Amino acid sequence: GENVEQHPSTLSVQEGDSAVIKCTYSDSASNYFPWYKQELGKRPQLIIDIRSNVGEKKDQRIAVTLNKTAKHFSLHITETQPEDSAVYFCAATPRGFQKLVFGTGTRLLVSP
Amino acid sequence: GAVVSQHPSWVICKSGTSVKIECRSLDFQATTMFWYRQFPKQSLMLMATSNEGSKATYEQGVEKDKFLINHASLTLSTLTVTSAHPEDSSFYICSARQGNEQFFGPGTRLTVL
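Those protein sequence lines, which keep their order, are chains A and B.
Quick note: the first sequence, position 11, residue 11 per the working numbering, numbers continuous.
Quick note: the second sequence, position 69, residue 181 per the working numbering, numbers continuous.
If we strip away everything but chain B, and leave its shape as in the complex, we get:
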């Protein structure tokens, strides 16, 4: 099956710093990738749809200037959490679309001190 990787798997940072998370489709090209965040014992909440070569589409309530998404190639999308604060601590998961299916990355656990 399709493989999606994510890096880093975990990161701890100080409040006010920016953190970049990478999502890669390893064995297929993905024109569309998705970014989710998941709080403990909760469901996956879609943050944005990342489209290769164009601007991301953000879900209602997600600040596009805080969560910067870049999808510069068919195999890589990045999410940058700018000026991170403790409330941004969460599990961030990306997925890449192939046909109707979405294949998920292993997730990045972000802890902001």
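With the rest of the complex left out, here is chain A:
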């Protein structure tokens, strides 16, 4: 089955810096890759997603890139702000399935 690895587990940056979180997946048939932000004790919130027929997608300060050949995808946050501090999860949906397989999460801390 699908396996998603995520790095780093923790990431500390200064306000205004960029942050990059990387994920790799094992199932080459996976075709949907969302990213979620989860604040302590709250529900995961979708922040951006990408489908396998697209290489890059951007939404204001957030971008996601996908390399299907290497089976990895990355989240890029520019001009980080303290309110970006949270745990970020990547996920993948194997083709033919409806479920999400989550990465292990990255705790992002943005210091003022």
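All clues given are correct.
If you only want the chain A side, here are some residues facing chain B, beta carbon under 7 Å, derived: (1) Arg43; (2) Pro44; (3) Gln98; (4) Phe102.
Listed below are the simulated DSS-like cross-link pairs for lysine-lysine, each with C-alpha atoms no more than 30 Å apart in a straight line: (5) B:Lys153 <-> B:Lys178; (6) B:Lys178 <-> A:Lys42; (7) A:Lys42 <-> B:Lys176; (8) B:Lys153 <-> A:Lys42; (9) A:Lys37 <-> B:Lys132; (10) A:Lys37 <-> A:Lys71; (11) B:Lys153 <-> A:Lys57; (12) A:Lys22 <-> A:Lys57.
Hints were generated in silico from the structure; no laboratory data involved.
Values in this document were obtained by computation on a predicted structure and should not be read as measured data.
Cβ coordinates follow ideal geometry from the N, Cα and C atoms, glycine included.
Given the structure of chain A, go ahead and fit chain B onto it with the hints provided.
Structure of chain B alone, referenced to chain A:
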């Protein structure tokens, strides 16, 4: 966006009792819902896929007789933790699928004494 509610938001129960958690899609119909559990500082682990009108599909290692799932309507799925024990204490989160996206409920924190 799509809204998913969950009830209760937290519950404390004695060991050996059963607890029911409800997951509702408020503004859309969901033929498929999902149940996850999340331990502190860990990722979301899928427990089962709940399909309206049919049996749930459980992930490997999840006891179907302990975690009963019922998806009787297009807007409601329930998870019953039967004979709960302290090791079942966790954060349980449901999600409802709309297209490719999943929308999550706010979660239920279960504490078993």
